[in-house]
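Asks: Here's the letter readout for the chains.
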Amino acid sequence: MTAISPTSPEQLPAAPRQAFWRSFKIAAWLGWQIESNWADPFLFAIYSLIKPLASAAILVVMYSVITQADFESPVFSYIFLGNAFYTYVGAVMTGLSWAIIDDREHYKTLKYMYIAPINVPIYLAGRGVAKFLVASISVLITILFGVAFLRLRINLLEVDWLLFLVALLLGVLMLATMGLLLAGLNLLIAHHYGAWGEAVAGALYLFSGAIFPLEVLPVWLRPVGFAMPVTYWLELLRRALVGSVAQAFPTLSALSNLQLLGILAGLTVVFGLASIFAFRWCEHRARERGMIDMVTNY
Amino acid sequence: MNFAIQTEKLGRIYKIRGSKKSEPRQLIALENVDLQIQRGELFGLLGPNGAGKTTLIKILTTLLAPTSGKALVAGFDVAAQPQMVRPRINMVSGGESSGYGLLTVRENLWMFSQFYGIPSKVANQRIKQLLEIVGLQDRTNAKSSDLSTGLRQKMNIVRGFMTDPDVLFLDEPTLGLDVGASREVRRFVRGWVDENPERTLLLTTHYMVEADELCDRVAIINQGRVLACDTPAKLKHQLQKEAIFRLEVSPLNGLGIEAFQRLPGVNQVTHSPQDGSALLQFILAEEQVLASVVNTLTAHNIRILNLQKSEPTLEDVFVHLVGQSMEEVERSGQ
Amino acid sequence: MANNSFAFDGGVRVKKNSGWRLFFQTVIARAYPRLIGQQREKSWMFFDIFLPMLGVSAYVFVYRALNAPEDYIGFVVVGGAMTAFWMNVLWSMSSQLYWEKEQGNLALYIMSPNSMMAVLLGMALGGMVATTLRALVIMLLGTFLFHVQYAVVSFWQLLAVFLLAMTALYGMGMMAASFYLLLSREAWHISSLATEPVFLVSGFYFPIKSFSFWVAAAASIIPLTFGLDAMRQLVFPSGASLGFLSVPVEIGGLVVLCIVFLVGARYLLAYMERLAIREGRLTESRR
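Chains as they are written, first to last, in our numbering: chain A, 132 to 429; chain B, 48 to 381; chain C, 121 to 407.
Quick caveat, the hints were computed from the structure, so don't treat them as lab data. Note that the Cβ used here is the ideal one computed from N, Cα and C, for glycine as well. One thing to keep in mind: the hints can contain errors.
Far from chain C, by Cβ distances over 12 Å, these chain B residues were calculated [stated by the list, open to error]:
| id | residue |
| --- | --- |
| 1 | Arg72 |
| 2 | Gln161 |
| 3 | Pro166 |
| 4 | Ser195 |
| 5 | Asp263 |
| 6 | Ile291 |
| 7 | Gly301 |
| 8 | Thr317 |
| 9 | Asn348 |
| 10 | Pro359 |
Below, computed lysine to aspartate or glutamate pairings styled on DMTMM-like, alpha-carbon distance capped at 20 Å [claimed, not checked]:
| id | chain 1 | residue 1 | chain 2 | residue 2 |
| --- | --- | --- | --- | --- |
| 11 | B | Lys168 | C | Asp129 |
| 12 | B | Lys283 | B | Glu333 |
| 13 | C | Lys135 | B | Glu245 |
| 14 | A | Lys239 | C | Glu222 |
| 15 | C | Lys136 | B | Asp213 |
| 16 | A | Lys239 | B | Asp193 |
| 17 | C | Lys162 | B | Asp193 |
| 18 | B | Lys175 | C | Asp129 |
| 19 | C | Lys135 | B | Glu242 |
Use the sequences and the hints to build the structure in full.
Replies: Okay, here's the thing in structure tokens:
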């Protein structure tokens with residue numbers, strides 16, 4: 132009998148770059164189909180409106196009760212904007228990580244994704260695009276509400292649009308890498324806790340300086356906040372939109388915009404590499420334990 | 048009347064939501080279905096995919112209301128008295144993934160038994176027995192998420208039988224099972240019905256062999272209508288009134304075929320000598336005539352080496368009724 | 121198969137329970153997967169306890185940053201603990217029927233002679249271990265970490281408020297669950313939609329007296345509104361001055377809500393089941 136020898140990779144044509152784009156494009160289309168087809172446009176609009184506003188309103192009422200509705204204070208802008216943009220954190224992380232649970236347990240298509248010639252992390256990133264778009268609508272609505280009804284001062288002429296766009300895109304990339312990490316962990320856990328993108332986002336709320344400055348945290352917890360890329364991301368967005376008001380809490384005032392961008396980029400790379408490594412490890416474990424197609428709903 | 052299941056002009060129309068103007072806005076899944084199934088009967092519902100079998104089962108198991116007509120199960124109206132029907136029925140669907148992945152086989156089955164009010168001790172006994180019967184006793188403590196499709200279906204089958212229903216509905220129960228397991232399930236199903244005349248079983252399938260082998264009576268359904276309802280033998284007999292047999296026998300040793308032609312009920316006989324044997328084909332007026340043929344052979348010391356009955360299949364019956372084979376109907380999308 | 125000759129039960133009929141016995145059997149049986157699941161898949165301790173604790177802490181620090189009175193820290197801790205029960209009702213009970221429908225279990229529940237209320241109660245009780253543990257951990261850790269001071273006015277009133285609020289809340293959850301018999305994917309989004317607005321209008325993190333009278337009154341349809349307001353009045357020194365209505369009135373309101381929601385749940389479940397059966401929604405899968 133002739134010995135079996137596998138084809139060496141050099142004998143194969145190089146994997147086309149189009150596979151990345153194909154994976155992303157199809158996944159983005161699929162993600163949008165899933166996110167948008169559960170209701171008619173009116174109900175979808177209501178959902179997109181009420182959810183972010185209610186979340187913002189909790190903080191607004193808390194603030195209002197204590198400060199007697201002093202919305203002119205820069206502290207309010209700090210809290211409001213931080214909370215508004217924080218919507219992206221839960222949405223993007225959930226968008227990537229929940230796709231694993233959704234595809235594995237509900238649609239039972241994850242196994243087909245894994246045997247298809249697509250790049251799974253890129254596929255997951257594509258699935259997150261829809262959540263990003265819905266989150267963008269939520270963020271915009273929240274900010275518009277603040278401007279219209281709560282005297283949030285944003286002068287469009289004074290906005291540093293370049294800084295805003297660069298920071299936003301870098302931040303979304305950073306959030307996607309964190310979502311990938313959660314997605315990897317989702318490969319190894321039961322369905323019931325699959326939506327922990329939002330839970331982790333809720334936990335990170337504490338360390339990101341989104342709604343209070345890091346100085347309020349106990350001393351021993353502050354380093355966690357300084358290690359979180361979300362902290363720098365939110366600071367950059369505030370500076371881009373409201374400039375001097377962002378200095379209501381001078382936690383990072385010693386750092387210039389460029390320095391903040393550099394730190395954010397660096398942390399994104401670090402988290403990105405860690406996430407890719409962790410995801411691949413989780414994938415390997417899931418394959419070993421036959422979990423790629425498990426159904427655990429209880 | 049001793050009917051386990053009765054339907055009278057039963058109909059179900061589905062409204063199609065969000066359909067384009069050019070497409071039909073409603074789907075007639077069932078139309079004027081009249082059935083009467085006796086207690087103790089193993090009744091088959093045969094038809095292609097999309098014929099309306101599952102819709103009928105859903106109505107009879109109180110999961111779906113009919114849009115017209117009436118259905119009684121165990122003497123109670125499925126629409127008006129579902130709470131009286133439910134303690135008396137159970138259902139197993141092919142390919143279902145019910146239960147909870149993190150529970151073991153035994154735990155899942157125990158849980159479902161409790162929903163029927165079966166005391167735990169009795170339930171555990173029945174579960175143990177049934178798991179042995181279906182060959183799952185070695186996987187009693189395996190998590191159901193670890194089971195293959197076929198083993199999962201066996202677990203589902205146990206779930207159906209363990210609650211001791213008066214009427215059991217099996218909707219494509221051998222889907223996902225291998226040939227051996229399917230055969231054993233069919234044997235068990237037949238035995239279960241025969242064990243107690245109070246038990247009735249309605250089986251849907253699109254496997255002709257399954258319906259032919261198992262069912263006391265079969266209804267052929269297509270596009271929501273029952274086209275025929277009778278015993279498999281009578282349905283086939285409608286197509287071919289005569290019985291055809293092929294016998295391979297030891298050499299005739301001078302016995303001519305006139306000896307068979309003279310027998311009452313033998314319409315035709317042909318003879319093909321083989322090497323060391325002879326092939327005889329008989330067309331008989333009815334099956335019972337075969338006995339006199341066998342007697343004739345025996346009387347002349349001719350041994351029967353092989354006997355085959357050639358007759359129309361239920362597939363032939365379906366084709367005769369519908370004008371297309373089941374595969375052709377499925378391919379054309381009804 | 122092991123056995124070639126057919127022998128099962130000799131045709132002997134099984135005696136089955138009905139009525140209250142069946143109800144309790146169903147409750148226990150449906151609670152079982154939850155309880156066992158929590159044993160076998162322990163990651164819930166991280167997701168359902170540790171992470172929410174961090175989320176609650178965030179709101180504490182918001183008040184600290186605003187130099188709020190210390191009682192407000194206590195409000196957040198108590199409110200944060202009670203979110204566990206709201207999340208249990210919303211996700212582990214009401215919208216769980218959506219998952220059951222997707223799995224095919226819902227059809228089996230409806231088809232069996234048990235009561236849907238028993239199934240839902242089983243789900244709720246099964247999740248209660250994790251829920252109670254979450255609430256307790258948040259209360260205890262929050263109290264310890266943030267030095268919350270309590271001044272309990274009446275333990276028995278406090279217990280009554282808690283039990284009535286839970287009963288009414290779970291009754292409301294059963295009513296909400298009935299809609300899931302009809303809905304599919306939109307049900308999951310509606311649950312998601314209900315999360316923050318209820319935190320807002322029920323005053324999980326601040327006294328509802330901050331709202332106008334009519335807004336607070338309308339919000340009182342949610343049992344946790346009265347429940348939290350009464351608890352704050354009974355447990356914090358400044359609670360009484362920040363209360364919406366007096367504790368006896370709020371207890372009375374909770375009693376009414378209990379009756380309304382439990383009776384409503386019974387009729388709404390039956391009605392929605394009939395409607396779902398008529399429309400053919402029980403077994404559809406519209407992901």
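Asks: If a hint holds in the structure, say so; if it doesn't, say that too.
Replies: Now for the hints, and whether the structure bears them out:
Here Arg72(B) stays apart from chain C, with its beta-carbon at least about 15 Å from theirs, past the 12 Å limit. With a least CB separation of 3 Å from chain C, Gln161(B) falls inside the 12 Å interface cut-off, contrary to its annotation. With a least CB separation of 7 Å from chain C, Pro166(B) falls inside the 12 Å interface cut-off, contrary to its annotation. Every CB of chain C is more than 12 Å from the CB of Ser195(B) (nearest about 17 Å), matching its label as outside the interface.
At the 12 Å boundary, the C-beta of Asp263(B) stays outside the reach of chain C, the nearest C-beta of that chain being 17 Å off. No Cβ of chain C comes within 12 Å of the Cβ of Ile291(B); the nearest lies about 32 Å off, and the non-interface call holds. Consistency note on Gly301(B): stated as away from chain C, and its beta-carbon is indeed over 12 Å from all of that chain's, at 45 Å minimum. Separation of Thr317(B) from chain C is adequate, the least Cβ-Cβ distance of about 40 Å exceeding the 12 Å criterion.
The claim that Asn348(B) lies off the interface holds: its Cβ sits roughly 35 Å from the closest Cβ of chain C, which is beyond the 12 Å cut-off. No beta-carbon of chain C is positioned within 12 Å of the beta-carbon of Pro359(B); the least distance is around 30 Å. Restraint check for Lys168(B) and Asp129(C): satisfied, since their Cα atoms lie roughly 15 Å apart, inside the 20 Å limit. A hinted pair counts as satisfied when its Cα atoms are at most 20 Å apart, and Lys283(B) with Glu333(B) qualifies at roughly 13 Å.
Taking the CA atoms of Lys135(C) and Glu245(B), the gap is about 15 Å. The hint holds against a cut of 20 Å. Between Lys239(A) and Glu222(C), the direct Cα distance comes to roughly 12 Å. Compliance with the 20 Å bound is thereby established for this hinted pair. Proposed proximity of Lys136(C) and Asp213(B) is supported: the alpha carbons are some 13 Å apart, at most 20 Å. A threshold of 20 Å between alpha carbons decides the hint, and for Lys239(A) with Asp193(B) the separation of about 15 Å falls inside it, so the pair holds.
Distance check on the hinted pair: Lys162(C) and Asp193(B) sit about 19 Å apart at the alpha-carbon level, within 20 Å; holds. At most 20 Å may separate the alpha-carbon atoms for a hinted pair to count; Lys175(B) and Asp129(C) meet this at roughly 12 Å. With a C-alpha separation of about 18 Å, the suggested pairing of Lys135(C) with Glu242(B) holds against the 20 Å cut-off.
Of the numbered hints given earlier, the model fails hints 2, 3; all others are met.
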